[in-house]
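Colleague: Each chain, letter by letter, is given below.
Number of protein chains: 2
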Amino acid sequence: MRSLRELARFASKVTAAYPTAAGSLASGNSSIAPAASLLQRRVGITMSAPAAVDVDAYKVGDSTNIKWHEGSVDTATREKAMNQKGCVLWFTGLSGSGKSTVAYTLEHALFQRGKVAQVLDGDNIRHGLNSNLGFSAEDREENIRRIGEVSKLFADSGMITLVSFISPYRKDRDQVRARVGDKFVEVYMKIPLEVCEQRDPKGLYKAARAGKIKGFTGIDDPYEEPLDAEIVMEVAKEGGDGTLAPPEKMAAAIIEILEQKGFLSA
Amino acid sequence: MRSLRELARFASKVTAAYPTAAGSLASGNSSIAPAASLLQRRVGITMSAPAAVDVDAYKVGDSTNIKWHEGSVDTATREKAMNQKGCVLWFTGLSGSGKSTVAYTLEHALFQRGKVAQVLDGDNIRHGLNSNLGFSAEDREENIRRIGEVSKLFADSGMITLVSFISPYRKDRDQVRARVGDKFVEVYMKIPLEVCEQRDPKGLYKAARAGKIKGFTGIDDPYEEPLDAEIVMEVAKEGGDGTLAPPEKMAAAIIEILEQKGFLSA
Numbered sequence: 000m001r002s003l004r005e006l007a008r009f010a011s012k013v014t015a016a017y018p019t020a021a022g023s024l025a026s027g028n029s030s031i032a033p034a035a036s037l038l039q040r041r042v043g044i045t046m047s048a049p050a051a052v053d054v055d056a057y058k059v060g061d062s063t064n065i066k067w068h069e070g071s072v073d074t075a076t077r078e079k080a081m082n083q084k085g086c087v088l089w090f091t092g093l094s095g096s097g098k099s100t101v102a103y104t105l106e107h108a109l110f111q112r113g114k115v116a117q118v119l120d121g122d123n124i125r126h127g128l129n130s131n132l133g134f135s136a137e138d139r140e141e142n143i144r145r146i147g148e149v150s151k152l153f154a155d156s157g158m159i160t161l162v163s164f165i166s167p168y169r170k171d172r173d174q175v176r177a178r179v180g181d182k183f184v185e186v187y188m189k190i191p192l193e194v195c196e197q198r199d200p201k202g203l204y205k206a207a208r209a210g211k212i213k214g215f216t217g218i219d220d221p222y223e224e225p226l227d228a229e230i231v232m233e234v235a236k237e238g239g240d241g242t243l244a245p246p247e248k249m250a251a252a253i254i255e256i257l258e259q260k261g262f263l264s265a
Numbered sequence: 000m001r002s003l004r005e006l007a008r009f010a011s012k013v014t015a016a017y018p019t020a021a022g023s024l025a026s027g028n029s030s031i032a033p034a035a036s037l038l039q040r041r042v043g044i045t046m047s048a049p050a051a052v053d054v055d056a057y058k059v060g061d062s063t064n065i066k067w068h069e070g071s072v073d074t075a076t077r078e079k080a081m082n083q084k085g086c087v088l089w090f091t092g093l094s095g096s097g098k099s100t101v102a103y104t105l106e107h108a109l110f111q112r113g114k115v116a117q118v119l120d121g122d123n124i125r126h127g128l129n130s131n132l133g134f135s136a137e138d139r140e141e142n143i144r145r146i147g148e149v150s151k152l153f154a155d156s157g158m159i160t161l162v163s164f165i166s167p168y169r170k171d172r173d174q175v176r177a178r179v180g181d182k183f184v185e186v187y188m189k190i191p192l193e194v195c196e197q198r199d200p201k202g203l204y205k206a207a208r209a210g211k212i213k214g215f216t217g218i219d220d221p222y223e224e225p226l227d228a229e230i231v232m233e234v235a236k237e238g239g240d241g242t243l244a245p246p247e248k249m250a251a252a253i254i255e256i257l258e259q260k261g262f263l264s265a
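Taken in order, these protein sequences are the chains called A and B.
Anchor point for the first sequence: position 58 equals 57 in numbering that gives the first Met the number 0, and the numbering is continuous, going up by one each time.
Anchor point for the second sequence: position 259 equals 258 in numbering that gives the first Met the number 0, and the numbering is continuous, going up by one each time.
Isolated chain A (complex conformation) (with noise of 0.2 Å):
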């Protein structure tokens, strides 16, 4: 946890060479709507250049041991802060296979580790984002290039992203891979289609069954299996009983292999 002691102190820095700019910036000749208007809803700020400036950000950063990009904040400047690297996790596998359970439990997990980390699922992107969508094959395709679009740009702000969904045909997957580059890593739940089909959490295999759903992945609709996933989770076939591990102990696996890849630190 070095990294956020570390982030603390260098924070505690930054703390006490600010004030200079907030306070220049009371003293300077801008008007600024004073503490109670804040509590109204609007707050108008009429911002002329002064004469004499004083306040200058980048000159407050430089005063830092960190070297700052002009108006921005670089990809290396936050890993370091966050001691962690931006990654995307794109776990894929049929309805069933655990993908967001284990999703969730890692996020859990790595949240616990003081890491920052976020699952992307369906149920805050098909609501949101991607309500605008059906399930036509162009549907289909286009949901899964805006989740891997965003996806990047969660992990470009340094966050350690978890993408639950099905994501069956392997050239989409291949396009988000392609997009996001090597903080890609593909999780593939390996899970057989009658193990699934028995857990049959949501029901929905059976509905499938009985026709009242068409085009469901794995009854009449493909699942095309990664052919190089960065880290394939299976059951057990020999010594096992088949069934599934908790999800805390493949959260504990993942975090092993995240962790050997460099991704939680930087």
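Careful: at least some of the hints might be erroneous.
Pulled from the structure, derived: some chain A residues nowhere near chain B, Cβ distances all over 10 Å [claimed, not checked]: (1) Ala75; (2) Leu128; (3) Glu148; (4) Tyr168; (5) Pro191; (6) Asp199; (7) Arg208; (8) Ile212; (9) Gly214; (10) Asp220.
Mimicking SDA-like on lysine to any residue, the simulated pairs with C-alpha atoms at most 25 Å apart in a straight line are [to be verified]: (11) Lys79(B) <-> Ala265(A); (12) Lys213(A) <-> Arg169(A); (13) Lys260(A) <-> Asp173(A); (14) Lys79(B) <-> Thr74(A); (15) Lys213(B) <-> Gly121(B); (16) Lys170(A) <-> Asn129(B); (17) Lys182(A) <-> Ser130(B); (18) Lys182(A) <-> Gly121(B); (19) Lys260(A) <-> Ile218(A); (20) Lys189(B) <-> Ser71(A).
Sample of chain A residues with no beta-carbon within 12 Å of chain B, all distances over it, derived [unchecked claim]: (21) Ala102; (22) Phe134; (23) Arg145; (24) Asp173; (25) Gly202.
The set of hints was computed from the structure by calculation and includes no laboratory data.
From a predicted model like this one, the values you see are computed outputs, not experimental measurements.
Glycine is no exception: its CB is placed at the ideal position from the N, C-alpha and C atoms.
Assemble chain B onto chain A, guided by the hints.
Modeller: Frame of chain A, contents of chain B only:
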């Protein structure tokens, strides 16, 4: 910077507790790929459900004083750890009004204070998520809708999200406001057209006046001013020289407001 220290302390605590989980994993009966194979691209993990599993992430979580939602990190917990509240600062204004400059300067200044902020602007959205949109009325509306949804995802993950797009139509901005809710803060860069046109940093006004760009906001397409923006940045009319304040100064002013609105602590 109290929160970062707290986070560091908190993180140390769970790290101390966590090795138990990692240790039990190694001694469990699951087969983890040895470290050497991690140098290879693909990692296969076979997970079975052992008879006695003593890895319980939730148990570890319970040993701290923070209440966990099973399998996910709730917003309050996330915000408490980051000592900030996720929000969307929506910068709107004419081309050349300084939206992106102020947004990036603010991102920088927030980062210096140990906050996690991220700018979403044309550079990272139009070429990615919205690369399949044009400039028709319909596409412009969808452009802002998607940006709004992504900014909501970022804010929900605890980020201070800085959004910089002209977003000329009131209806589109109001729809985002309705979606994002209380954490939406509209920042209107109220800079007169003549000032923006004189600055013309990208030469776009010149091109629009020459008829080389059609439907340009402020020239042959309307800009609908916000009626109830939370923050309005104006050029000084009296006593000022009519030019813009330096971005560092505007950013410092916005930080004061964010602080008073309670977004910089949790």
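Colleague: Could you run down the list of hints and mark each one as holding or not?
Modeller: Consistency of the hints with the structure:
1. Remark: the non-interface label on Ala75(A) is consistent with the geometry, its nearest Cβ contact in chain B lying 13 Å away (cut-off 10 Å).
2. With 10 Å as the threshold on Cβ separation, the claim that Leu128(A) sits away from chain B is violated: the shortest Cβ distance comes to roughly 4 Å.
3. Its beta-carbon lying about 4 Å from the closest one in chain B, Glu148(A) breaks the requirement of being farther than 10 Å from that chain.
4. For Tyr168(A), the shortest C-beta to C-beta distance to chain B comes to about 18 Å, beyond the 10 Å cut-off, and the non-interface label holds.
5. Every CB of chain B is more than 10 Å from the CB of Pro191(A) (nearest about 13 Å), matching its label as outside the interface.
6. For Asp199(A), the requirement that its beta carbon stay farther than 10 Å from each beta carbon of chain B is met, with the minimum near 18 Å.
7. With 10 Å as the threshold on Cβ separation, the claim that Arg208(A) sits away from chain B holds: the shortest Cβ distance comes to roughly 26 Å.
8. Consistency note on Ile212(A): stated as away from chain B, and its beta-carbon is indeed over 10 Å from all of that chain's, at 26 Å minimum.
9. Once the 10 Å rule is applied to beta carbons, Gly214(A) is consistent with being away from chain B; the minimum gap is 23 Å.
10. Remark: the non-interface label on Asp220(A) is consistent with the geometry, its nearest Cβ contact in chain B lying 24 Å away (cut-off 10 Å).
11. At most 25 Å may separate the alpha-carbon atoms for a hinted pair to count; Lys79(B) and Ala265(A) meet this at roughly 23 Å.
12. For the given pair, Lys213(A) sits about 21 Å from Arg169(A) by alpha-carbon distance, which is consistent with the 25 Å threshold.
13. For the proposed pair Lys260(A) and Asp173(A), the alpha carbon gap of about 20 Å is at most 25 Å, so the pair holds.
14. For the hint pairing Lys79(B) with Thr74(A), the CA-to-CA distance comes to about 24 Å; that is within 25 Å, so the pair holds.
15. A distance of roughly 19 Å separates the Cα atoms of Lys213(B) and Gly121(B); the hinted pair therefore holds under the 25 Å criterion.
16. Our distance criterion of 25 Å between C-alpha atoms is met by Lys170(A) and Asn129(B), whose separation comes to about 20 Å.
17. Distance check on the hinted pair: Lys182(A) and Ser130(B) sit about 21 Å apart at the alpha-carbon level, within 25 Å; holds.
18. Annotation: proposed proximity of Lys182(A) to Gly121(B) holds, straight-line Cα distance about 22 Å (limit 25 Å).
19. Simply put, Lys260(A) and Ile218(A) have alpha-carbon atoms about 36 Å apart, too far for the 25 Å limit, and the pair is violated.
20. Taking the CA atoms of Lys189(B) and Ser71(A), the gap is near 23 Å; set against the 25 Å cutoff, the hint holds.
21. Here Ala102(A) does not stay apart from chain B, with its beta-carbon only about 9 Å from theirs, under the 12 Å limit.
22. Here Phe134(A) stays apart from chain B, with its beta-carbon at least about 19 Å from theirs, past the 12 Å limit.
23. Distance check on Arg145(A): its Cβ comes as close as 6 Å (rounded) to a Cβ of chain B, failing to clear the 12 Å threshold; non-interface status is violated.
24. Every CB of chain B is more than 12 Å from the CB of Asp173(A) (nearest about 14 Å), matching its label as outside the interface.
25. Remark: the non-interface label on Gly202(A) is consistent with the geometry, its nearest Cβ contact in chain B lying 20 Å away (cut-off 12 Å).
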